[in-house]
Amino acid sequence: MLKISAKLTNWFLLGPAFLFLAVILGFPLLRGLQLSFTDTPTLNPTESTYVGLANYSNLFSSSSFLPALIVTIIYASIAVIGALIVGMTTALIMNRTAASKFWVRTFVTLPWAAPPVAVALIFLWIFNPQNGVANYALRVLGLGGNGTQWFSNPSLAMPALLLVTIWMTFPLTSLIFLAALQSVPKELSESAMIDGASSRKILWHITFPIIRPTIYVMTLLLSIWALRRFDIIWILTEGGPVEKTTTLVIKLYREAFYYSRLGSAAAMGMVGFALSVLLTFVYFRANKKVEESM
Amino acid sequence: MKINKITGSIASAILAIGLVTVPTSIANAAPVEITYSNWQFAEPGRGEALQKLIDEYNASQTKIKVKSISYPYASYATTILTQMGARSGPDVVNLDYDVFLRANQARLVSPMTGIVAPKAGWASYDSNYNINKKRMGVTWQSTGYSLICNKKLLAAEGLTCPKTYEQFKAAAAATTKGSTQYGFAFRNTMTQTSGWWFDLSNFVFGFGGRWTDAKGNPTINSAAVQKAVTEYKDFFDKKYIPQGLTATEYRRLFWEEKIAMNLDNGSLPTIFSGENPGLKENLVIEKSPFPTDKNAQILIGTHINANSKKQVQGRAFVNWLVTNATQAKLMEAMTLEAAAWKSPPPAALVARAPWLKDYQKYASNGLLVLPVGAELATEEIRTIVLTQVDKILRSGVTVKDGLDEAQKKVKELLGK
Numbered sequence: 218m219l220k221i222s223a224k225l226t227n228w229f230l231l232g233p234a235f236l237f238l239a240v241i242l243g244f245p246l247l248r249g250l251q252l253s254f255t256d257t258p259t260l261n262p263t264e265s266t267y268v269g270l271a272n273y274s275n276l277f278s279s280s281s282f283l284p285a286l287i288v289t290i291i292y293a294s295i296a297v298i299g300a301l302i303v304g305m306t307t308a309l310i311m312n313r314t315a316a317s318k319f320w321v322r323t324f325v326t327l328p329w330a331a332p333p334v335a336v337a338l339i340f341l342w343i344f345n346p347q348n349g350v351a352n353y354a355l356r357v358l359g360l361g362g363n364g365t366q367w368f369s370n371p372s373l374a375m376p377a378l379l380l381v382t383i384w385m386t387f388p389l390t391s392l393i394f395l396a397a398l399q400s401v402p403k404e405l406s407e408s409a410m411i412d413g414a415s416s417r418k419i420l421w422h423i424t425f426p427i428i429r430p431t432i433y434v435m436t437l438l439l440s441i442w443a444l445r446r447f448d449i450i451w452i453l454t455e456g457g458p459v460e461k462t463t464t465l466v467i468k469l470y471r472e473a474f475y476y477s478r479l480g481s482a483a484a485m486g487m488v489g490f491a492l493s494v495l496l497t498f499v500y501f502r503a504n505k506k507v508e509e510s511m
Numbered sequence: 266m267k268i269n270k271i272t273g274s275i276a277s278a279i280l281a282i283g284l285v286t287v288p289t290s291i292a293n294a295a296p297v298e299i300t301y302s303n304w305q306f307a308e309p310g311r312g313e314a315l316q317k318l319i320d321e322y323n324a325s326q327t328k329i330k331v332k333s334i335s336y337p338y339a340s341y342a343t344t345i346l347t348q349m350g351a352r353s354g355p356d357v358v359n360l361d362y363d364v365f366l367r368a369n370q371a372r373l374v375s376p377m378t379g380i381v382a383p384k385a386g387w388a389s390y391d392s393n394y395n396i397n398k399k400r401m402g403v404t405w406q407s408t409g410y411s412l413i414c415n416k417k418l419l420a421a422e423g424l425t426c427p428k429t430y431e432q433f434k435a436a437a438a439a440t441t442k443g444s445t446q447y448g449f450a451f452r453n454t455m456t457q458t459s460g461w462w463f464d465l466s467n468f469v470f471g472f473g474g475r476w477t478d479a480k481g482n483p484t485i486n487s488a489a490v491q492k493a494v495t496e497y498k499d500f501f502d503k504k505y506i507p508q509g510l511t512a513t514e515y516r517r518l519f520w521e522e523k524i525a526m527n528l529d530n531g532s533l534p535t536i537f538s539g540e541n542p543g544l545k546e547n548l549v550i551e552k553s554p555f556p557t558d559k560n561a562q563i564l565i566g567t568h569i570n571a572n573s574k575k576q577v578q579g580r581a582f583v584n585w586l587v588t589n590a591t592q593a594k595l596m597e598a599m600t601l602e603a604a605a606w607k608s609p610p611p612a613a614l615v616a617r618a619p620w621l622k623d624y625q626k627y628a629s630n631g632l633l634v635l636p637v638g639a640e641l642a643t644e645e646i647r648t649i650v651l652t653q654v655d656k657i658l659r660s661g662v663t664v665k666d667g668l669d670e671a672q673k674k675v676k677e678l679l680g681k
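The listed protein sequences correspond, in order, to chains R and A.
Heads up: take any position in the first sequence, counting from 1, add 217, and you land on this note's numbering.
Heads up: take any position in the second sequence, counting from 1, add 265, and you land on this note's numbering.
Same shape as in the complex, but just chain A (with noise of 0.2 Å):
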């Protein structure tokens, strides 16, 4: 009996213990860390000013702290899906598009119930994240190609920011020296193959040409793709770019004042007058210089891993990044000329960086570099394309054999 009530009174302590304690505890609780890998907190100047908007929103916060994990761009991709295919990964990523349509057909993304559009309403690119009538992500950048003069080399050649294909190609052999000046630059080799086929489709939907048609058959030694193969060639052949570095080698010869023009993102005026203040003056953006208007187009998005165990707080986090306020903040630490809202950039931020007014201005322009039908199978398309490429800038292959064998094996692939 004794026994009983000793019992009886060590629950009730326990249970009354408990009582107080609990809501203490979830009153106090830490908050929940979650998990966000963007390769450009890696990148030099905006790295670190993403960082500081990702404390910001940590110090505004009781419930939730975002971790920021980086890997570099070459193996991004690569390291993030692989990791999400085993069931991990960070709980939200930044993704590019052909990357996320992999991400999604694998159902490794979760669907963005309940995410509020921005006040300023959504971007029309951000449509492209509408699969299936159901959101699977938001826009974090998107920005096209234009072409970055350094006013001072050419003017040093009595030139200009070239407007024409012609003046382009007049303009690298007048700026070139040898090798201790380059008149233009764009990646050539296999270690760089996902920036490769951005620069190389520049080439091909400038002259017209396109990856597939629109039923989705490989259009790869169609006319237009192999005149802007030749031209292409034309370029590596005569050394106007400096053969066999990587972009940031190249990037970081522009900045160095060595090369005259760059046919590169939007991103790129922000980190050349970063790494070179003294080059912003020097800068001018005129549009892709090809016989059309049409240029290569990067379109990155926020996604919520599907295997993440903290859904909630992961939308949590992307309705805030997609808050009006937070959008202009992000352009203004990023530098973007276009977001996940429709807004332009703040005044004040155009006033810094003048080139996004340019980038805006061409942003219809853009095309994603996606084989239109075959998408999924970019990555493959993408290797056999460039494999080719590689064999016609340095084994002698014809461009047309060399295209045609690409076209052979792609038509093989997509068993068309």
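Bound-form chain R, shown alone (with noise of 0.2 Å):
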């Protein structure tokens, strides 16, 4: 009797939880697998057909989608990449010395505090071809900089978006990595030392294996970001140059915004989510993994 009891309070005390997940995550979710099998119109939400699988036949088979994908799982990678080298790099600099001071740690968060929007618009800035202080600064290097089109060239568009990525996310990666690094007992390196281990040996074999579960983590949730990254996306280079920069959330928004198929881009959506559970999935199996191997 107690034991029904107790389980009927857990039930209780998980409801809210459980219905406010179901609100805010599952019925949004359920409602776009659901759009994606119909030919909604934007513009008349309530005009729609069941079609099947009509828009995903018609999303594999589309000349841009592939592209969209590799343009997508370019982009996710090297900012996934470069964010935890350039947050790793920045957390081992401020794990070191004085150089993990208050002003230190504000300086370096702020990028990631700074509203996407508001990046973006500075970096359009930055960038600008004429009046930008890029080009200036490659100018007075002598380094060229006379009207170089940092989004507009297809060969320049995706690293400069990659940069502006870069900058922004890797803050709070360094600040994760710090945190995770300051958990690691100084004992060991300590010990390590007096065991004449170089500090890269220290590193590779002490520090690295104690923090693989936060890097694991982090790299997960980069990775979802990236894949749905629209933002500074959509304000630095809307897709374009060539659809150099168009990833799946970019395709995503014209179609349901621009061309007014918010089934087919519910497809795409579905598509993108997919994705990120197959990212979750492999964590999943690689943290598993680890933990076995402990």
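Hints were generated in silico from the structure; no laboratory data involved.
As the structure is a computational prediction, the values presented were derived from the model and not from experiment.
The beta carbon of each residue, even a glycine, is placed where N, CA and C say it ideally should be.
Mixed in with the good hints, there may be bad ones.
[As the list claims (entries may be wrong)] Residues from chain R that keep clear of chain A, each with C-beta distances beyond 10 Å, as calculated:
no., residue
1, P430
2, T431
3, S440
4, F498
[Claimed, not checked] With the C-beta cut set under 7 Å, the calculated list includes, among others, these residues of chain A facing chain R:
no., residue
5, T343
6, S444
7, T454
8, G509
9, E645
10, D655
Two chains, two separate frames, one set of hints: put the complex together.
Laid out in structure tokens, this is it:
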């Protein structure tokens, strides 16, 4: 009797959280899934008919889907790797000496605290072909910069976009890594040092294995954020030039709000969701293997 | 019994109070607020003038109050259409003609029954808003594209505002001085698709091309369009234009007297001379300098949101807009060469803004930038064509290959 009552209490206490998740996450997800099987127009959402898998088959047979998927994967991969490397390097520096002082940490955190739209607008100005600081600096250094079109040149748009993305995302990564580094017991590295281990060996064989779960979590989060990033890409390039920065999310936005095809956009959203789920699955598998090996 | 008496007295008292207060409350009712959206509220100079006109209307009314709403032009259509699609949005909206057609097809705008024609009569282009014998909007503004020259910069090279294409190209070359001064300017980035389409259409129409034929078949790779895009690319390659800049950025360069010529609509001389009053005397307007006289035309209308609960008030506002008195004031406030009525701009306005006469003179050359017969697919056709033109400008794709590809994709889109 007592057991049943305890169970009921558990459900009662968990209920609001479940309800919240169901309303905030579950309903939009299911609605998105349902929309993806219809031809719902954005301009008239009440007029829709069931079209089965037509949106998905159109999507996979479309000549522009694969390039958008490739652009998404390239963008997400480099953005994640870049943020991890820069974040880790900054965290290691901050973890060492006086560099970990309050002001340094505050300064490093600033790009992450700034709203993405503001960041994008600032970088539009920095990379302005005519009056931008970037071109001015290049001219002063004698490295060209004569009207270089950072966001309109097909070879430069993606690197410039990645630079902005990494600049915006590395602070959070570095703060999380710094917290993880500070949780590594000092005794371990000290005893390794006494045994003659070099700093690099300590980093590879002691520090990294201990903070590996944090690295995995950050990789997962950064990947999901990169896959669904819209704001800065839209403001900086709108997917151009020549579709070099058209990710799935940019394509989805155009489909839904420019061409008024909500059903087809929902199908794209579902593909993006499947990618995120796949990533999460890979993360849990990798994490499980690490736990088993420990 | 006593209780019944008391109840009866209370009921009578309530009824009596009601009879006295209801008419009073009707008489003193707060005006009904309607929302009106127009991106021009955010335009430098003209925005304030427009707001003043709305304030004037509000001051003259006891029953209606208009609240203005504005979004930047680049995101205006998407924002407003999404709101309207979600059965909300402003009560009265200004829309570009292609955006109106999409909204109309989705039944998001109301027929305007009971709109009284201005005493001067409707302008000829206003008939575009009569669809299936129903008035679905009224013209707010109609303006074409003409060549705006800075005669001082041209005179420095011994030139005048060009009248032929050869003169135009030679003038662009002569007035380009590296990255400090440019001969001409046009949009050339995918972040500006809506305006870029107008700029490119000017070249295409000017060289005799069209996006579709009379039957709605795409003609994107026709010889005339190829010639137009080749010339467009030549301006880009030779850097007669500032590459990668937005219209806002290069228009600033124009009023800072760093660009000699700009092919733009009738609103721009007002903005240029508003930002740099010294420039006014240097402005010369010529017709679009291409081999044929055709150029792009902007048509903006005012419409009532079909889902607005304030249809009566919306129509009252539109009725006020199209009166002779308001049309004259609107032209004055916005420095328009053409509005809903067919009267020319008032003489006092022309004296203040002499370029309006020139824009009016070339008004009959204007063509809407919609692909005839495929108007509702304008947005997709525009993206397809501009993506290929972007490749032609920046990725080494030849004009022929790029336009052939665009033609193929548009044909697929239209099922032709």
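Now for the hints, and whether the structure bears them out:
no.: 1; hint: P430; in the structure: holds, 41 Å
no.: 2; hint: T431; in the structure: holds, 38 Å
no.: 3; hint: S440; in the structure: holds, 26 Å
no.: 4; hint: F498; in the structure: holds, 34 Å
no.: 5; hint: T343; in the structure: holds, 5 Å
no.: 6; hint: S444; in the structure: holds, 5 Å
no.: 7; hint: T454; in the structure: holds, 5 Å
no.: 8; hint: G509; in the structure: holds, 3 Å
no.: 9; hint: E645; in the structure: holds, 6 Å
no.: 10; hint: D655; in the structure: holds, 5 Å
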